[in-house]
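Chains as they are written, first to last, in the numbering used here: chain A, 534 to 585; chain B, 178 to 422; chain C, 46 to 290.
Hints are computed from structural coordinates only; laboratory data are not their basis.
Accuracy of the hints is not assured; some may be wrong.
[What the hints assert, rightly or not] Here are the simulated EDC-like pairs of lysine to aspartate or glutamate, each with C-alpha atoms no more than 16 Å apart in a straight line:
| hint | chain 1 | residue 1 | chain 2 | residue 2 |
| --- | --- | --- | --- | --- |
| 1 | C | K133 | C | E278 |
| 2 | B | K357 | B | E244 |
| 3 | B | K357 | C | D197 |
| 4 | B | K357 | C | E278 |
| 5 | B | K357 | B | D274 |
[Stated by the list, open to error] If you anchor each label on the Cβ, the simulated ranges turn out as follows:
| hint | chain 1 | residue 1 | chain 2 | residue 2 | range |
| --- | --- | --- | --- | --- | --- |
| 6 | B | A228 | A | A544 | 27 to 33 Å |
| 7 | C | W130 | A | A544 | 50 to 56 Å |
| 8 | B | A240 | C | E162 | 25 to 31 Å |
| 9 | C | L288 | A | A545 | 44 to 50 Å |
Note that the structure is a prediction, hence the values are computed from the model and not measured.
For every residue, glycine included, the Cβ atom is placed at its ideal position computed from N, Cα and C.
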Amino acid sequence: MREFLDMGGYAAYVWPSYVVTIGVIVVNVIWARRSLARARQLVRRRAAGEAS
Amino acid sequence: MSHGDVEVAALTPPIVARSSATSALGAAALALERDLLLAFRHPSQLVQPLAFFAMVTLLFPLALSPEPARLREVAPGVLWTAALLASLLALEFLFRDDAHDGTLEQYALSGQSLTTLLFAKIAAHWVLTGVPLTLMAPLAALSLGASPSALPGIFAAVLIGSVTLSLIGSIGAALTLGIKRSGALLSLLTLPLALPVLIFGARATQLAMSGGPVVAPLELLGALAVLGTTLAPLAAAAAVRISLE
Amino acid sequence: MAWTWFHRLASPPYVYGVAGRLSPWFAWPAVLLILGGLYGGLVLAPPDYQQGDGFRIIYVHAPSAWMSLMVYTTMAGAAAIGLVWRMKVAHAAAAACAPIGASFTFAALVTGALWGEPMWGTYWQWDPRLTSELILFFLYLGYMGLRAGIEDPQRADRASALLAVVGVINVPIIHYSVTWWNSLHQAPSVMRLGKPSISLTMLLPLLAMLLGFTLLFIALLLVRLRAEVLLRERSSSWTREALLT
């Protein structure tokens, strides 16, 4: 396990690369879902505003 | 209202009125003539980019060292960076006044090809900023340690390169019409597109200064200019129409 | 008849519904492929004979770089469709692409720099691929800046679409000129990231990652497209019906 984490001495470069890329993926997923949720909320609020 | 504004207004109607009767080329010639006349009445717009160019080339000897060998090494990069920034500075004037006083709208409605009219405007802009820059660049090169034999090559490179810079810049200037404080955005849009000119121009200058063959980079600059001439006015016209919608 | 699918794509309610139904079919395979690719790349693939375990950065760098180009091309394609056929959905798709592309370009730059340090001895090498990637990042920033700068949404759509099309014409020219420039200044001692013979256990995880990223992009695009379409259509009645029923 330690050997794996050490990455043959390249740990300082390999792991940050993976962290950054996976971070970008996760951020993108959150962003996309949140933008859809916000848009839905906006439409719902407008509908509620007109009904009342 | 200043004296100049009255004359702008007085100059606008004849072109539009006459353009319906004239050929596309005739209308373009009138637009070119008008822009040149207007610019010569506001010489400060002409002088500022030039002064900026001279200032930037002055900064480098002061910031680096007055040692000729070192200056000669960085001269091509300094010249082209300064030229690129100076032409960027001049871009803001390209369409701004004409968008404000409605001239661009008149052009779009005149029945003449907007692409041709904008091409005339870009040509006028090049005569007013590119040509003075071309005349100034050899002087700046001399001050950075270029030998006189390098000057024709540098002159040719800036002459051809500045055409493309005006053309590329027109797209960014047209796209940012109607945006307040568009200066930073205009640079962000224009600079990446202008990089090939910078690369080939600096290479030509470098070869000219070291006595090498400048033909290849000059040809590449020429190819960019041809491509820009065919495509940039079209894109600028489309962008102007979008801004008028 | 063959064109009905194209016309249906122009209808926002249809696109909203279809995008919602399709997105999980891309999202879950993308997750599986990326997880598989990560395992294969980090564990199964043997160390490279030259670069040791440092080469494993390729499994995140190459897909990110691929993503940055693919998203830009998709964005420009959607933008062109929006300009030519005045299709609202296409503009919405182009707008949805930009933040995805910009963020993966950022990832490609960071991973490229992290790869550069052990391979070249410096985080930033002016290598043509990294330089082009950086310029691409600026093109994305310019696109988003222009879109944010124009208040009227339809004008913002059309102006940024034009910029995307101009950009995609320029990308090959920029890339070519940067490569040409680099070939002149290449320091001989620099170790190139060449194309070593690659074994199957090394190649398969890379392919899984490339495909996984592509599917992920489609899934992200579909979700964002739904959001964009809802926002643009918020005052029409179908959006309410779609949400309340």
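Against the structure, the hints come out as follows:
1. C/K133 with C/E278: 10 Å, holds
2. B/K357 with B/E244: Not satisfied, since the Cα-Cα distance of roughly 43 Å exceeds 16 Å.
3. B/K357 with C/D197: 13 Å, holds
4. B/K357 with C/E278: With Cα atoms ~27 Å apart, B/K357 and C/E278 exceed 16 Å; violated.
5. B/K357 with B/D274: Judged against 16 Å, a Cα distance of about 13 Å means the pair holds.
6. B/A228 with A/A544: 27 to 33 Å: Given range 27 to 33 Å: violated, Cβ gap about 54 Å.
7. C/W130 with A/A544: 50 to 56 Å: 51 Å, holds
8. B/A240 with C/E162: 25 to 31 Å: 29 Å, holds
9. C/L288 with A/A545: 44 to 50 Å: Given range 44 to 50 Å: holds, Cβ gap about 48 Å.
In this structure, the hints that do not hold are numbers 2, 4 and 6, in rising order.
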